[in-house]
Amino acid sequence: EDQVTQSPEALRLQEGESSSLNCSYTVSGLRGLFWYRQDPGKGPEFLFTLYSAGEEKEKERLKATLTKKESFLHITAPKPEDSATYLCAVRGANYGQNFVFGPGTRLSVLP
Amino acid sequence: DTAVSQTPKYLVTQMGNDKSIKCEQNLGHDTMYWYKQDSKKFLKIMFSYNNKELIINETVPNRFSPKSPDKAHLNLHINSLELGDSAVYFCASSHGQEGYTFGSGTRLTVV
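Residue numbers (our numbering), protein chains in the order written: chain A, 1 to 111; chain B, 1 to 111.
Hints in this document: simulated from the structure, not taken from any laboratory.
Here the structure is a predicted model, which is why all the values come from computation and not from measurement.
Watch out, some of these pointers could steer you wrong.
List of simulated lysine-lysine pairs, DSS-like, C-alpha gap at most 30 Å [claimed, not checked]:
#1 B:Lys67 x A:Lys68
#2 A:Lys79 x B:Lys67
#3 B:Lys44 x A:Lys69
#4 B:Lys67 x B:Lys44
#5 A:Lys42 x A:Lys79
#6 A:Lys79 x A:Lys69
#7 A:Lys69 x A:Lys57
#8 A:Lys42 x B:Lys9
#9 A:Lys69 x B:Lys36
#10 A:Lys57 x A:Lys79
#11 B:Lys67 x A:Lys42
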């Protein structure tokens, strides 16, 4: 069965303190790994798609990387506005266009 | 313009009632979805639908039914509401293998 786990569950950083979020996955025939950001009271917002091991994507202070078993979301010099829940999701060969979502990492960046 | 809009944003209702949540997308996407986010923040697929195919997550009770009057709309109808149905429901849409665009969610509370 396809499965996605994320760690840590919650992370508190000081502004400017870089760190990484982890997404570990088990999926039959990866068709894409997706990162989303979710703010309280809102729907998830698409950030990145990664398709193959070794691939990297960047957007402002965020950088996503992918291996055969996990993905990392690196946050460089975070700001308070980066505070949100970050969700990882995978699309497998058996899932059509649907995703399996992880439980998310709740990030708080303190000024 | 809001890309994926859901109404209502909040819905409080009594056990046993029947209710509907409406969803509209103006992105021209070919597939729409309903996801449920429970109290632990897990997002789980309920339905995916395009003009040709409705895919139902087998764990979804048959009290839940999607209704699509046209490509831009996918409404969620729920019969005989139960306390356990309380959650946030998200509508989303996508085109091909791209990431989803989510609505802002409907918080359903069954009392």
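Cross-check of the supplied hints:
With a C-alpha separation of about 38 Å, the suggested pair B:Lys67 and A:Lys68 falls outside the 30 Å cut-off, and the hint is violated. Simply put, A:Lys79 and B:Lys67 have alpha-carbon atoms about 42 Å apart, too far for the 30 Å limit, and the pair is violated. Under the criterion of a C-alpha separation no larger than 30 Å, the hint pairing B:Lys44 with A:Lys69 is consistent with the structure, at around 21 Å. Among the hinted pairs, B:Lys67 with B:Lys44 is consistent with the structure: their alpha-carbon atoms are about 19 Å apart, no more than 30 Å.
Our distance criterion of 30 Å between C-alpha atoms is met by A:Lys42 and A:Lys79, whose separation comes to about 20 Å. Simply put, A:Lys79 and A:Lys69 have alpha-carbon atoms about 29 Å apart, close enough for the 30 Å limit, and the pair holds. Straight-line distance between C-alpha atoms of A:Lys69 and A:Lys57 comes to about 17 Å, which keeps the hinted pair within the 30 Å bound. Between the alpha carbons of A:Lys42 and B:Lys9 the distance comes to roughly 10 Å, so the proposed pair stays at or under 30 Å and holds.
For a cut-off of 30 Å, the pair hint linking A:Lys69 to B:Lys36 stands: about 26 Å separates their Cα positions. With a C-alpha separation of about 19 Å, the suggested pair A:Lys57 and A:Lys79 falls inside the 30 Å cut-off, and the hint holds. Taking the CA atoms of B:Lys67 and A:Lys42, the gap is about 23 Å. The hint holds against a cut of 30 Å.
Going through the hint list in order, the structure does not satisfy hints 1, 2.
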